Amino acid sequence: EPEVTQTPSHQVTQMGQEVILRCVPISNHLYFYWYRQILGQKVEFLVSFYNNEISEKSEIFDDQFSVERPDGSNFTLKIRSTKLEDSAMYFCASSMPGDEQFFGPGTRLTVL
Amino acid sequence: RKEVEQDPGPFNVPEGATVAFNCTYSNSASQSFFWYRQDCRKEPKLLMSVYSSGNEDGRFTAQLNRASQYISLLIRDSKLSDSATYLCVGTFSGGYNKLIFGAGTRLAVHP
Chain A
1 EPEVTQTPSH
11 QVTQMGQEVI
21 LRCVPISNHL
31 YFYWYRQILG
41 QKVEFLVSFY
51 NNEISEKSEI
61 FDDQFSVERP
71 DGSNFTLKIR
81 STKLEDSAMY
91 FCASSMPGDE
101 QFFGPGTRLT
111 VL
Chain B
1 RKEVEQDPGP
11 FNVPEGATVA
21 FNCTYSNSAS
31 QSFFWYRQDC
41 RKEPKLLMSV
51 YSSGNEDGRF
61 TAQLNRASQY
71 ISLLIRDSKL
81 SDSATYLCVG
91 TFSGGYNKLI
101 FGAGTRLAVH
111 P
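Heads up: the sequence lines are chains A and B, in that order. Under our numbering, the first residue of the first sequence carries the number 1, and numbering increases by one thereafter. Under our numbering, the first residue of the second sequence carries the number 1, and numbering increases by one thereafter.
Rather than coming from a laboratory, the hints here were simulated on the basis of the structure. Since we're looking at a predicted model, the values are computed, not measured. Please note: incorrect hints may appear among the correct ones.
Claimed, not checked - Using 25 Å as the maximum straight-line C-alpha spacing, the simulated BS3-like pairs for lysine-lysine come out as follows: (1) A:Lys57 / A:Lys83; (2) A:Lys78 / B:Lys42; (3) B:Lys98 / B:Lys42; (4) A:Lys78 / B:Lys79.
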């Protein structure tokens, strides 16, 4: 069964460093998403991406964040200068138009 | 006011019990609703979509009341494997974009 994969499973970084979280969406999907979940809190939408551009983003997704689909398979989330409050689980998801979003297993980001 | 609100629980029930979760939403323009299940430190997984006519999938029944802005999930004959956090989720645009999650209701089923 096709699935969304994410790497790494756990990333530890120092405050102020840049991190890139990687996702491989399901191959025929056209919509891609990033969500985050701070420990003990709800899952929050960050951004959706379609046709090589951002289709929607939340207030959380400020100038420190960017997304890219560098090739036909990967979808990345970059945080330019990490803050302590960026520590969270980051989930990638993908979908066909108007269909269920499938989530990856997540990357746990720890900012020290 | 939060867009999607749930009782955080936990609900501690014995195997075989029937348990009901409720959820309210604040945006009357909400389009679609779902129940997701999330196991500890895992990704959310779609349990079922929710329709105004009510829908059933085995031991699970979901109901949407748009007039009251209220969603429910009923689990019959609880199993140990049902222990998880149940997330009430809505969308406010067409289709399945931008899922808005509630904080979740924890269920613990004990022998």
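task: Assess, step by step, whether the Cα of A:Lys78 is no farther than 25 Å from the Cα of B:Lys79, and give holds or violated.
output: violated, 41 Å
Pairwise hint evaluation, A:Lys83 against A:Lys57, where the allowed Cα distance is 25 Å at most: holds, 19 Å
25 Å limit on alpha-carbon distance, applied to hinted pair A:Lys78 and B:Lys42: Since the Cα atoms of A:Lys78 and B:Lys42 sit roughly 22 Å apart, the hinted pair holds (cutoff 25 Å).
- prompt: Is the straight-line distance between the alpha-carbon of B:Lys98 and that of B:Lys42 25 Å or less?
  reply: Between B:Lys98 and B:Lys42 the Cα gap is close to 20 Å, so the pair holds against 25 Å.
The structure is inconsistent with hint 4 alone, although it conforms to all the rest.
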